[in-house]
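Take these sequences, add in the hints, and give me the full structure.
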Amino acid sequence: MPLIGSHATVTGGVAAGGLAYAAEVGAEVIQVFVSNPRGWAAGPGDAAEDARLRASEVPVFVHATYMINLGSGNPDVAAKSADAVAHALRRGGEIGARGVVVHTGSAAGWVTEDARERALRQIGEIALPLLDKLGDDDPDLLFEPMAGQGQMLCARAGDLAAYLSAVEHHPKAGVCLDTCHLFAAGHDLTADGGVAAMLGELTGTGTGRVKLVHANDSLLGCGAKRDRHETIGAGMIGKAPFRELLAALPDVPFVVETPGGKAGHARDIATLKELRAAR
136 MPLIGSHATV
146 TGGVAAGGLA
156 YAAEVGAEVI
166 QVFVSNPRGW
176 AAGPGDAAED
186 ARLRASEVPV
196 FVHATYMINL
206 GSGNPDVAAK
216 SADAVAHALR
226 RGGEIGARGV
236 VVHTGSAAGW
246 VTEDARERAL
256 RQIGEIALPL
266 LDKLGDDDPD
276 LLFEPMAGQG
286 QMLCARAGDL
296 AAYLSAVEHH
306 PKAGVCLDTC
316 HLFAAGHDLT
326 ADGGVAAMLG
336 ELTGTGTGRV
346 KLVHANDSLL
356 GCGAKRDRHE
366 TIGAGMIGKA
376 PFRELLAALP
386 DVPFVVETPG
396 GKAGHARDIA
406 TLKELRAAR
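Quick note on the working numbering: the sequence shown kicks off at 136 and runs consecutively.
Derived by calculation from the structure, the hints in this document are not laboratory data.
Just so you know, not all the hints are guaranteed correct.
To be verified - Within a straight-line C-alpha distance of at most 20 Å, the following computed DMTMM-like cross-link-like pairs (lysine to aspartate or glutamate) qualify: (1) K360 / E336; (2) K374 / E409; (3) K360 / E279; (4) K408 / E163; (5) K307 / D271; (6) K397 / E409; (7) K268 / E229; (8) K408 / E159; (9) K307 / E229.
This is the structure:
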């Protein structure tokens, strides 16, 4: 049975804030930031809070800063991205996280005709040493495909094959699927067989690599290439595809990142639990 939860604010401490948030919204699993999501600053954490979260029964995932782009053609951005991923993995280990989510990034900054190939090669050069340092009990590094805008390296589910090949299909490399991103990238999850078709594109990559789903409805239509989250069932995706995904990925946690704050998260968690029961 898939665990269902939400991104959680950690005001007051990663455990004090995160666990209180989970209790208030009915989350069975949470995702947290361990650094500024829109900057490069990296905090040291709090040993007591870390231990409390590790000891809790609530599974946790980390979302790394949005600034990260391991494929960037800008050397400064690439170096800062490597440091930010290393920090997120270290903090993830300290709080007992199951996985650290990193956006798959883009080929921005490369001006050559082989920009995509160079960006993917650089991702392997940066990520493989970080992956090799991870032990069995450390979090997996979960790559999250984007909505398809600009020079994004990975948007459709089928794009993951080349991306994971760049990191040599490392056993600690996994996938986080975002339903809004997939829909924006052109996967019509509302069509008959749409969910199965999207999952079918993971052939060769393997649905077993999927360790987390960001369950977000979409404000905009299929193929819009823009990431605009909406309340579950109130957007262009609707409820039915989420019921299908819950049935298709029974061992994968689902985390909402929908609008509406705490009340919105509580409502969407309740909706997904209803769909889980009806699958």
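For the pair supplied as a hint, K408 and E159, is the alpha-carbon distance within the 20 Å limit?
-> Holds, at roughly 15 Å.
Does the structure keep K307 and D271 at a Cα separation of 20 Å or less?
-> holds, 8 Å
Keeping to a limit of 20 Å between CA atoms, is the pair of K374 and E409 held or broken?
-> holds, 10 Å
Below or equal to 20 Å on CA atoms is what counts here, so check K408 against E163.
-> holds, 10 Å
Decide if the proposed pair is consistent with the structure: K360 and E336, CA atoms, cutoff 20 Å inclusive.
-> Since the Cα atoms of K360 and E336 sit roughly 18 Å apart, the hinted pair holds (cutoff 20 Å).
20 Å Cα cutoff - pair K397, E409 = holds, 18 Å
Quickly compare the C-alpha distance for K307 and E229 to 20 Å and report which way the hint goes.
-> holds, 17 Å
Restraint check for K360 with E279, where alpha carbons must lie at most 20 Å apart | holds, 15 Å
Could you grab the alpha-carbon distance between K268 and E229 and see if it respects the 20 Å cut-off?
-> Answer holds: K268 to E229 is near 15 Å, not above 20 Å.
When the structure is compared with the earlier hints, no violation turns up for any of them.
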